[in-house]
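Start from the sequences and build out the full structure, keeping to the hints where you can.
Residue strings, one per chain:
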Amino acid sequence: MSKAGGNLTDKYAQISVVAITALIAGGLWQLMPTKLGVDPTLLPPLTDVVKTMVSLTVERTLLDATVATFSQVFTAWAIAIPVGVWFGLLLATPNRLSKLLMPFFQIFLSIPKSVFLPFFILSLGLGFWQRTFFGVFQAVFYIALATSAARHSVPENLQVLGRSLGVSQLQLYRFIYIPAMVPYIFGACRVALTFIVTGVLFSEIYSSQRGLGYLIGNWSQTFELRKVYAALLLTSILCIAINESLRAAERRLSIWRAQ
Amino acid sequence: MTLINSTATVEYAGKRKPPGVDGQARLQTPLDVLSAILFILAIWEILPRLNLVPRLFMPAFTETMVAGWKNRVLYVEAFGVTAAEVLIAGVITVIIGVSCGLLIGSIKVLNGFLPVFYAVSALPIVAIYPVLCVWLGFGPEPRILLGIFFGVLPVILIVGEAARLVDPRLQLLLRSLGASRWQRLCTLQVPAILPALFSAVRISAGLVIIGVVVGEMLLSSSGLGYLVTYFRTSFDSASLYFSVLLIVAIVVTVDRAIVAIISQARV
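First to last, the sequence lines map onto chains Z and C.
In terms of the numbering used here, the first sequence opens at residue 1 and continues consecutively.
In terms of the numbering used here, the second sequence opens at residue 260 and continues consecutively.
Everything labelled a hint here was simulated from the structure, so no lab data went into it.
A portion of the hints provided could be inaccurate.
Listed next, the in silico DSSO-like pairs over lysine-lysine satisfying Cα-Cα at most 27 Å (straight line) [said to hold, decoys possible]:
1. K51(Z) to K35(Z)
2. K367(C) to K11(Z)
3. K99(Z) to K113(Z)
4. K113(Z) to K367(C)
Next up, the structure:
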């Protein structure tokens, strides 16, 4: 945590911290309904929830819902990243168009975007693309402004050096701009993914017929809490796994930056 | 550390423009933002009037304002409900966030738990709202709790990092002067984290409001989020637009107010 490279003891310390936290949380979850007197209808024990999760996945209810939800999430991510990066590069070049567009992006970044869900429902209906474009809407402004900031953060003397060596515009991008910007943009995309997941799940709980959010909302209303917790556990495991693997990839990509 | 004094001359060789921040022509002035807003309002008014957009999807701006005035009693009542929930959630968020952050940041052994919070920040917290409603019923408690969950994580992370990075030499100095833990807290750690705390409060204020409103949109019988759902399902687009506009205006106002208060406190 304190060293950039991270020696062996740091890594083992980090893993053991995570393991301890998981053990404590899991242990509490198991003990509270069974031994500590919490109502098991409100908080089913961890073993029951895991069993339900496995059986629901095997019988495909949870599996289909996960596929539905995450296909929306990753489609939205695949749309938001190129659009966001393109607008970000556009905003970074100091011309009249970027000066015109920048206030819109800053306005939309600073306002709460979840309240605009009814607009998406009014215009795009209740289907796959409504939730996907809502996810895109959540992420694209953040990615654009992060890309613009990344472009501005390229050290000035490297650009001057490149020009003085007579490199072409393409070479400038390939050797100077893109390597400097990629770690920054990668981190922004990772954060944007969490925005997209929240947005898609929110719109599924709000108005949907399929997907993890719909299942969670539906099962809560029928008080089948064991299944709700199973869905929540699966969602949490997937989200944390995706986020941590992206962070690991980010660390690998940033090794050359000796900061 | 640049080879050239002015950052702008690389981009603007030959053109005489005032150098600005980071190579951009000018800073974003409030005039730019204002003109952008006026442009949006103009589109909002003209497009529906010319029947280029269906009235159901986008009512004209003046229609929206009229609908807002017509339902003003509803809005005032809803605003009161939401404001109370946000206030309670906000106060609890700051208290819990600051104490957890200080605890985790200043106690060396607990520093290792910060990565756990970073991992938890990837979770979609909105998914837990139906469970909160089952536990806590239909009153304001689930929404307050959701607002707290939305807002507390950034505070813990920012305050925790700031507490972790307090100059250890100052801590050593105070310990060698015989200061108790409480004295060290009040004299060194709390003032040291204040800048981070201000920025954390600013971030989490918006998140708490949006958490409460999202909860109201999903399952509630009162509040501004409930009005959004109510007007959507009754296809009253003008009132729907006004509700959304009101929520956005509230978030922006609260943000500006906090920035103003912080700058006053700094001065």
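Exercise. Can you list which hints this structure breaks, lowest number first?
Worked result: The structure conflicts with hint 4 only, although it agrees with all the remaining ones.
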